[in-house]
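Using the sequences and the accompanying hints, generate a full structural model.
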Amino acid sequence: MLTELLSAHLLSSIIAVVATIVLFQFIAVFQRKLNAIWLQPMLFSILAIIAILLWQDISFDNYFSNAWLLNALLEPAVVALGFPLYQHLETITQQWKSIILVLSIGALIAIISSFIITMLIIGDYTIAVALSLKSITTPIAIAIAGQLDGNTAITAFAIILAGFFGALIGPRWLTYINVRSAKAQGLAIGAASHAIGTATVSNISYEHAAYSSLALIASAVITAITSPFIINFLASLLQ
Amino acid sequence: MSAFNKKVINVLYSVFAIFSCLALGKLCSYVAPVLPGSLYGLIIFTLSLHFRVFDADRIKSTVVWCLKHMGVCFVPAGVGIINHFDLIKQFGIAIVLITFATTFILLTLVGLHYQRCLAEEE
Numbered sequence: 001m002l003t004e005l006l007s008a009h010l011l012s013s014i015i016a017v018v019a020t021i022v023l024f025q026f027i028a029v030f031q032r033k034l035n036a037i038w039l040q041p042m043l044f045s046i047l048a049i050i051a052i053l054l055w056q057d058i059s060f061d062n063y064f065s066n067a068w069l070l071n072a073l074l075e076p077a078v079v080a081l082g083f084p085l086y087q088h089l090e091t092i093t094q095q096w097k098s099i100i101l102v103l104s105i106g107a108l109i110a111i112i113s114s115f116i117i118t119m120l121i122i123g124d125y126t127i128a129v130a131l132s133l134k135s136i137t138t139p140i141a142i143a144i145a146g147q148l149d150g151n152t153a154i155t156a157f158a159i160i161l162a163g164f165f166g167a168l169i170g171p172r173w174l175t176y177i178n179v180r181s182a183k184a185q186g187l188a189i190g191a192a193s194h195a196i197g198t199a200t201v202s203n204i205s206y207e208h209a210a211y212s213s214l215a216l217i218a219s220a221v222i223t224a225i226t227s228p229f230i231i232n233f234l235a236s237l238l239q
Numbered sequence: 001m002s003a004f005n006k007k008v009i010n011v012l013y014s015v016f017a018i019f020s021c022l023a024l025g026k027l028c029s030y031v032a033p034v035l036p037g038s039l040y041g042l043i044i045f046t047l048s049l050h051f052r053v054f055d056a057d058r059i060k061s062t063v064v065w066c067l068k069h070m071g072v073c074f075v076p077a078g079v080g081i082i083n084h085f086d087l088i089k090q091f092g093i094a095i096v097l098i099t100f101a102t103t104f105i106l107l108t109l110v111g112l113h114y115q116r117c118l119a120e121e122e
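Taken in sequence, the protein lines are chains A and B.
All letters in the first sequence, in the order written, are residues 1 to 239 by the working numbering.
All letters in the second sequence, in the order written, are residues 1 to 122 by the working numbering.
The hints are simulated quantities; they were obtained by calculation from the structure and are not laboratory data.
Quantities reported herein were computed from a predicted structural model and do not represent experimental measurements.
Any given hint might turn out to be false.
Quick look at which bits of chain B chain A covers, simulated, 3 or more residues with Cβ under 8 Å [what the hints assert, rightly or not]:
(1) 2-9
(2) 89-95
(3) 99-108
What follows is a list of derived Cβ distance ranges for each label pair [as the list claims (entries may be wrong)]:
(4) V11(B) to N232(A): 47 to 53 Å
(5) L10(A) to A94(B): 40 to 46 Å
(6) S61(B) to R32(A): 19 to 25 Å
(7) R172(A) to G92(B): 38 to 44 Å
We put the CB at the ideal spot given by N, CA and C, even for glycine.
Have a look at this one:
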């Protein structure tokens with residue numbers, strides 16, 4: 001009985017993981033063949049899987065418990081981002097002051113602008129906290145959101161949205177406004193779109209990957225330290 | 001040693017390097033819970049390559065492959081949006097617009113500002 005159950009779970013796990021990878025690769029091949037940047041494999045695999053789950057009436061928990069292996073690989077994948085960072089460590093240490101300054105101003109403006117705009121438009125504190133934290137990596141943002149009584153479900157959702165906006169539009173928008181240096185593009189996308197943006201621009205160049213990884217770490221640290229103070233201050237100001 | 005064997009050993013070596021950095025990172029995160037274990041792991045991996053604890057040349061090809069394909073790891077978590085349909089129905093458009101606008105501001109600000117810093121240094 002137990003072995004039967006285990007083997008059934010193993011089989012459905014293999015199906016879920018393999019189906020996700022095949023779908024992702026399939027879209028990636030199409031993206032290359034059609035030379036269509038908008039056909040983002042991550043985004044379209046998510047949409048396709050949502051459609052399949054709804055169509056086949058499969059719950060998310062069921063899918064997720066079977067596809068856990070892919071999710072578990074996220075952590076080592078983030079560690080692997082240390083490699084491009086190592087390759088550019090020398091130039092980065094020369095510029096660390098301006099990098100920290102730029103990222104601190106960025107994090108501050110991100111928190112303040114999101115919090116105030118959300119309070120003005122939606123007027124809900126828990127959502128305002130969620131949106132203030134959307135530019136940083138999920139585990140940190142969720143932890144801070146919980147600590148500040150923010151809505152963690154909306155935090156997770158907004159993080160994915162911010163990730164995709166930056167990953168999809170970031171490189172083109174930055175090129176359009178004449179920010180052409182790989183360093184500046186990488187830093188901006190890492191600061192605005194955390195690991196999703198970093199994973200996407202890693203395919204453009206190593207320099208993008210290095211600066212984006214750096215912004216991913218530094219922005220998370222800066223936001224983790226400053227956001228409780230800023231948000232408490234803004235909340236008392238608006239009350 | 002054949003070229004294939006060498007490749008396999010390099011892959012195993014890279015996996016060992018990444019997972020040992022991740023394990024150390026988890027330990028750091030347990031002792032000082034400022035960052036999640038994976039980000040500590042990233043920093044430790046960078047430093048261990050810099051101080052030649054691990055040989056970067058043997059790791060390179062595996063890591064390049066990982067970085068090229070890491071996007072697929074984000075898919076299962078992303079599908080989780082499905083669980084928040086009612087929240088999205090209620091506030092979805094406002095949330096999307098605010099996220100879009102503020103992400104744009106941040107991208108533009110950091111990009112322009114850092115490019116100017118780079119130009120000044122040169």
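Check of the stretch 2-9 of chain B against chain A for coverage (Cβ-Cβ below 8 Å, three residues minimum): That given contact is violated, which follows from only 0 residues of the stretch 2-9 of chain B lying within Cβ reach (below 8 Å) of chain A.
Just to be sure I understand the hint, the distance between the Cβ atoms of S61(B) and R32(A) should be within 19 to 25 Å; is that true here? holds, 21 Å
Regarding V11(B) and N232(A), is the given constraint of 47 to 53 Å on their beta-carbon distance met? Between V11(B) and N232(A), where Cβ atoms are some 48 Å apart, the hint holds.
Count the residues of the stretch 89-95 of chain B with a beta-carbon closer than 8 Å to any beta-carbon of chain A: does the count reach three? holds (count 3)
Closer than 8 Å, Cβ to Cβ, for at least three residues: run that test on the stretch 99-108 of chain B against chain A and report holds or violated. holds (count 10)
Is the gap between the beta carbons of L10(A) and A94(B) within 40 to 46 Å? For A94(B) against L10(A), whose Cβ atoms are near 43 Å apart, the range 40 to 46 Å holds.
Verify the CB-CB distance for R172(A) and G92(B) against the hinted window 38 to 44 Å. With Cβ atoms ~25 Å apart, the hint is violated.
Violated hints, in rising order: 1 and 7; the structure is consistent with all others.
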